[in-house]
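One letter stands for each residue in the lines below.
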Amino acid sequence: MKARVTVTLKTGVLDPQGKAIEGALKSLGIDGVGSVRQGKVFDIELDGSDHAAAEAALQAACEKLLANTVIENYRVEIGA
Amino acid sequence: MRAAVITFPGSNRDGDVAKALRQAGASVDHVWHGDDALPAGTDLVVLPGGFSYGDYLRCGAIAGRARIMDATRAHAAGGGYVLGICNGFQIACEAGLLPGILVRNADLKFVCKRQHLKVERTDTAFTSAYADGQTIDVCIAHGEGNYICDDETLARLEGDGLVAFRYCDADGNVTAAANPNGSLGGIAGIYSAGRNVLGLMPHPENLIDGLVGGTDGRGLFASLVGAKAAA
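Chains D and V, in that order, give the protein sequences.
Residue numbers for the first sequence, in the working numbering: 1 to 80.
Residue numbers for the second sequence, in the working numbering: 1 to 231.
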């Protein structure tokens, strides 16, 4: 099974990297950019086909390592 | 005072902090991050500066889950001393030894310079050799030293006197201009609730010899050795 974990900064946490990227996009003349927040994407290959077990494992992975919940939210998507 | 200095892949200040500890009279064991146990009789665990795991994922995140950190957490839970410097502070936060997290400096720049710090209290094992209200001159070198935490944690740190050091100017004034990275409240270092764990971004181990421009870092190591002698 393939899964994708997306980690994003919580609302209200300053994101100076996102701000710098936002400024660079604007300076490139790309129209309509309101704001940019930078995050992380993890593509994970999982053994087995038990959806619920995969969900639980990825939840644990996020809580224990992939996200720091002081500043970050995470989202787990499990594919085929 | 028997100190265990942990080396993680990418630690680079382990030798310097060992030198500072030995100068103060401590004996030092170098311990590998993959070890399960601390040497018998360890009084102090030191998480040194550097770039453990190349700062991958988040600074200190992977080192914070290293095998030796289980023993380090048990050591701290039993009242043992833990000192995290720079990357070691980041590791201590990621390992759950200290609250909050250190994020990218507000202006995005890596900062490497001399910096004054205000010693917030001198009744701890880490600061007893300093004078009340003393301003010390040490070094900082980091790209992610901007300390943040939630409002409740900040209120607890401030209310319980758990702020160890703040960035200040040469006269001891804690101002926005003297804050090099945007840290909340100008926080440069914090204690655990029991004040047996200290994490700080500055490098006291850099300033222990007049030959390199100052000795204000010595007090921290002298305090620790004195705390053990007094115990």
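It should be emphasised that the hints constitute simulated quantities derived from the structure, not laboratory data.
Some clues are possibly wrong.
Said to hold, decoys possible - Mimicking EDC-like on lysine to aspartate or glutamate, the simulated pairs with C-alpha atoms at most 20 Å apart in a straight line are:
(1) D:K19 <-> D:D31
(2) D:K19 <-> V:D36
(3) D:K10 <-> V:E144
(4) D:K10 <-> V:D151
(5) V:K228 <-> V:D55
(6) V:K109 <-> V:D29
(7) D:K2 <-> D:D43
(8) D:K10 <-> V:E152
(9) D:K40 <-> V:D55
(10) V:K228 <-> V:D123
(11) D:K10 <-> V:D150
(12) V:K109 <-> D:D15
(13) V:K113 <-> V:D16
(14) D:K19 <-> V:D151
(15) D:K2 <-> D:D50
(16) V:K113 <-> V:D171
(17) V:K109 <-> D:E22
Unchecked claim - Which residues of chain D face chain V? A partial, calculated answer using Cβ under 7 Å:
(18) A20
(19) H51
(20) A53
(21) V70
(22) I71
We treat Cβ as the ideally placed atom computed from N, Cα and C, and that holds for glycine.
Now the hints, each set against the structure:
1. Restraint check for D:K19 and D:D31: satisfied, since their Cα atoms lie roughly 16 Å apart, inside the 20 Å limit.
2. Restraint check: the Cα-Cα separation between D:K19 and V:D36 comes to about 42 Å, which exceeds 20 Å; the hinted pair is violated.
3. With a C-alpha separation of about 18 Å, the suggested pair D:K10 and V:E144 falls inside the 20 Å cut-off, and the hint holds.
4. Between the alpha carbons of D:K10 and V:D151 the distance comes to roughly 14 Å, so the proposed pair stays at or under 20 Å and holds.
5. Of the pairs offered as hints, the one joining V:K228 and V:D55 is violated, with about 33 Å between alpha carbons and a cut-off of 20 Å exceeded.
6. For the suggested pair V:K109 and V:D29, the alpha carbons sit about 35 Å apart, so the restraint of at most 20 Å is broken.
7. Taking the CA atoms of D:K2 and D:D43, the gap is near 7 Å; set against the 20 Å cutoff, the hint holds.
8. Taken as a hint, the D:K10 and V:E152 pair is honoured in the structure, with Cα atoms around 16 Å apart against an allowance of 20 Å.
9. Between D:K40 and V:D55 the CA atoms are separated by roughly 14 Å; this keeps the pair inside 20 Å, and the hint holds.
10. Restraint check for V:K228 and V:D123: the C-alpha separation of about 14 Å stays at or below 20 Å, so the hint holds.
11. Distance hint between D:K10 and V:D150 is fulfilled; the C-alpha atoms sit about 12 Å from each other, no more than 20 Å.
12. As the CA atoms of V:K109 and D:D15 are separated by approximately 14 Å, the hinted pair is consistent with the 20 Å bound.
13. Restraint check: the Cα-Cα separation between V:K113 and V:D16 comes to about 17 Å, which is no more than 20 Å; the hinted pair holds.
14. About 23 Å separates the Cα atoms of D:K19 and V:D151, which puts this hinted pair outside 20 Å; it is violated.
15. Taking the CA atoms of D:K2 and D:D50, the gap is near 12 Å; set against the 20 Å cutoff, the hint holds.
16. At roughly 17 Å between alpha-carbon atoms, V:K113 and V:D171 fall within 20 Å of each other, so this suggested pair holds.
17. Between the alpha carbons of V:K109 and D:E22 the distance comes to roughly 17 Å, so the proposed pair stays at or under 20 Å and holds.
18. At its closest, the beta carbon of D:A20 sits 6 Å from a beta carbon of chain V; the interface hint therefore holds under the 7 Å criterion.
19. A hinted interface residue such as D:H51 counts as satisfied when its beta carbon comes closer than 7 Å to some beta carbon of chain V; here the least separation is about 26 Å, so the hint is violated.
20. A cut of 7 Å between beta carbons decides the hint on D:A53: the least distance to chain V is about 22 Å, and the hint is violated.
21. Satisfaction of the interface hint for D:V70 is found here, the shortest Cβ-Cβ separation to chain V being roughly 5 Å, below the 7 Å cut-off.
22. Taking 7 Å as the C-beta contact cut-off toward chain V, the hint placing D:I71 at the interface holds, the least distance being around 6 Å.
In terms of the numbered hints stated before, the structure departs from hints 2, 5, 6, 14, 19 and 20, listed from lowest to highest.
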